[in-house]
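Listed below, chain by chain, are the residues.
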Amino acid sequence: MRSHTLILKSIMLRKSGRIHHDLLAKRVEEALSNQIQRRAVLTATRHVRRKSLEIYSKFSDSEKLLADSRRIKRESISNLRSNVARFISKAESNGITVYAARTKKDAVDYIVRVLTRTNAQTVVKTKSMTCEELELNQHLSDAGFTVIETDLGERILQMAGQKPSHLVAPAVHLTSSQVAAIFSKSLGVEVPGVAEEITKIARKTLRQVFLAADVGISGANLAIAEDGSVLIVTNEGNERLVTSLPAVYIAVIGIEKIVSSLSDALKLTQALCMSATAQRMTSYISIIKGPNDRTGISLPGERHETHVVLLDNGRSEIAEDEFFRQALYCLKCGSCLNVCPTYREVGGHVFGSTYTGPIGIPWTSFTSGYGAAAEFAPLCVSCGICKLACPEDINIPILIAKVKETIVKSEGQLPVNWFLSHYESFVRLMSRTAPISNRLLSNSTFRWLLEKTVGIDRRRRFPKFERKTFEGWHRKQKQRDGTDLVYFVDTYANLNNSEIGKATFSILTRCGYKVLLPPQRGSGMPAFLYGELPLLKETAEFNVNSLLPYARQGIPIVATEPTAAFCLRELYPELLRTEDSRTVAKNSYEMLGFLRDLWDKLPPKTELSRKFTGKVAYHTPCHTRALYTNFPGPALLREAGLQVEIPDFEGCCGIGGTYGYKKGLDGFDVSMAVGEELFDRIRDTKPEYVVTESSVCKIQIEQGLGLKVKHPLEILSEAFGLR
Amino acid sequence: VIAGTLTNQVQIESALSAEQVEVRLTSDLKSPDAVKRVEAADLGITDALVGVAETGTVILVTERELDRLASALPPNHIVLLERGQMIGSMDEVAAFIGRSIQESNYTVSVITGPSSTADIEETLVRGVHGPHSLYVVIIG
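Chains V and C are the protein sequences, given in the same order.
Counting from 1, one number per residue, gives the positions in the first sequence under this note's numbering.
Counting from 1001, one number per residue, gives the positions in the second sequence under this note's numbering.
Below are the PhoX-like pairs computed for lysine-lysine, each with C-alpha atoms no more than 25 Å apart in a straight line: (1) C/LYS1036 <-> V/LYS200; (2) C/LYS1036 <-> V/LYS204; (3) V/LYS409 <-> V/LYS537; (4) V/LYS64 <-> V/LYS51; (5) V/LYS163 <-> V/LYS185; (6) V/LYS185 <-> V/LYS204.
Computed far set for chain C versus chain V, every beta-carbon distance over 12 Å: (7) GLN1009; (8) ILE1012; (9) GLU1013; (10) SER1014; (11) ALA1018; (12) VAL1023; (13) LEU1043; (14) ILE1078; (15) ARG1083; (16) GLY1084; (17) GLN1085; (18) MET1086; (19) TYR1135; (20) ILE1138; (21) GLY1140.
Hints in this document: simulated from the structure, not taken from any laboratory.
Ideal Cβ positions, reconstructed from N, Cα and C, are used throughout, including at glycine.
Assemble the whole structure, with the sequences as input and the hints as a guide.
This is the structure:
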């Protein structure tokens, strides 16, 4: 893309894809102004995530358990077809009537037929995402049946006429006083806003419903092929009554839930409990094999009929897709929701349809269509934290990018997304025209124009652009011979802040390296965010081809921008799936981690501590989190004598690369809302300034907090007396 | 209400009756109001097939729903567990119970605590639809 045509083209681009975005913006606006809900969701998701990490570390075998669960899920999905067949044959021999439903309609029709044949009136239900997928309650109520939810959270929502906003905690967005108001209104009595009192009333009223119900319908967490049984996990124990009291019981199960053996099922169950509710085990796990009145004598309280509805609805097709298959590994534990920066601000009624949160985007796309997914897919900022939190290690960000790509193909691209996908061309243009471009970008009339025409928020501060690039500076350096090393500089250290490039250069040459700068483009990450995958692939291929000859010789490739290192090491090979991209990945390093290994080659550390006093706060960017479990930055600065504080925060600063550049509710407003938590946690540490290795986090924190943000390499090169 | 075979062996029924407690055995309940009688009980006593040391779990295996309901409907639940029926971890469960549940449509209830919820503002509340208290008595 030639830079000078860039702005013009994005202005002229038809206003496609705008409908979904306008609707979304409206819903985002409502959610962001709902302070009570924001606090409720943020508190609850943080709480569960924290507890879940505690429980992982409390049990010595949890690493192995999670590894086993990943293996089991992968095996189950590869053997999906045979598992389904085995389950059906075994369940039928147990006396279960199995119905394999190809579509949602097939499943609903079958359930209606069973209810009609057995003259049922009242149905009691457990919480089930698969039933939500069928919109079963609506269909059954349309057909004249009374359906009562028995899970407390689901019952609250049913009374309120709302949909679940979280995969595990459906009423996470409500406070106890709101729940009390819902109960009071529905029951016509005054209910106090205390969880214990509300629960007592729910127990009492629902107990009568249970005793009178004709049919019980549940979902299932797993189904076991070897003995044709259904496994259900709860804490409340409602499922134990749903499956035992009514004479007819129907389990609705997605086919991806079938595993081979009881042993596998119990392993997955533990992984699920630890991730979903931060419990080693929930209170109840029930394994149900079939009707138990086969003696022929109809005893009271015995199930006469047991049905299993196995739902396909796109699953078997996804299982054949080499890329999308991994979506079926999902345990519905909700971990990705609990860490998703934008989900935590807007909640699941905006960030989701039936399936909520990050994994909700691919799941919605294949269970309800791409149109439904398009309604909330733009809320993903590609921070990648969901992948890190996923116990099944599903590459959720890449699935989302693929969904976005399909949406763009069918509905067109938003001009601002198209523009930002070509961000590097824009940066090059700004660099070439600096310092005029800098003046222009701080001119309010120009910014107003840029907002109106392209859609870049006028409040977002741009970094300064430099006419003298790092590339240009590097060309003039006369390097002594040394060990060859390639620097993948990316746009920021090249065109915005060449000091970082120079600091890197000085440290590396001091360690005996000769720094090479082969032809390269920016990482291409902005294109990923907006589903412009062909553009990203082109960039990835260019960079891989250019770096390959060096990688083949074992010459290290070092990147200072964590996003660039992430692209080289993780994203390119995942996207291109070529041997070349894997070779480059193997030889690519993030600079701080690389430096940690070089530490002994650097000047004596005793010199360092005298230069720095005071306290700094260290923000670890999302893509650094993706590369390491033990982050190198803070340790290096401590070695250099700095007092480093780590804010109590695991996640995204909110800028999401270029997402926070977009105007208003399309990006900037959400981005700043997400950032608030980090800004507060940084303030808690009362630092002199902030340190982070990411250029975009720097932009966000400087704007949101008003504190100076430095790059660790600037500090380190100074500490070593190299500048 | 009392269910299970181990409960017979330790003669709980006669001991409780001596204390003027109204006792019902699920095996005796055959009238249409059987479920209501289990529901009316203040306490359910059942046995467990096996206990899991690492997680403090008891595993009940029932064929008749009334036996399962004895652990699900009353507000209190006591589980009797033989000391010899103890395994170390969940990993051993499948091998231990796998064979014993093959012959019939047994329902396996893996229980690791009283009925509870955190659906309202993450506040832990006990006794939602099942017992609010659970006691395990280890015998032998």
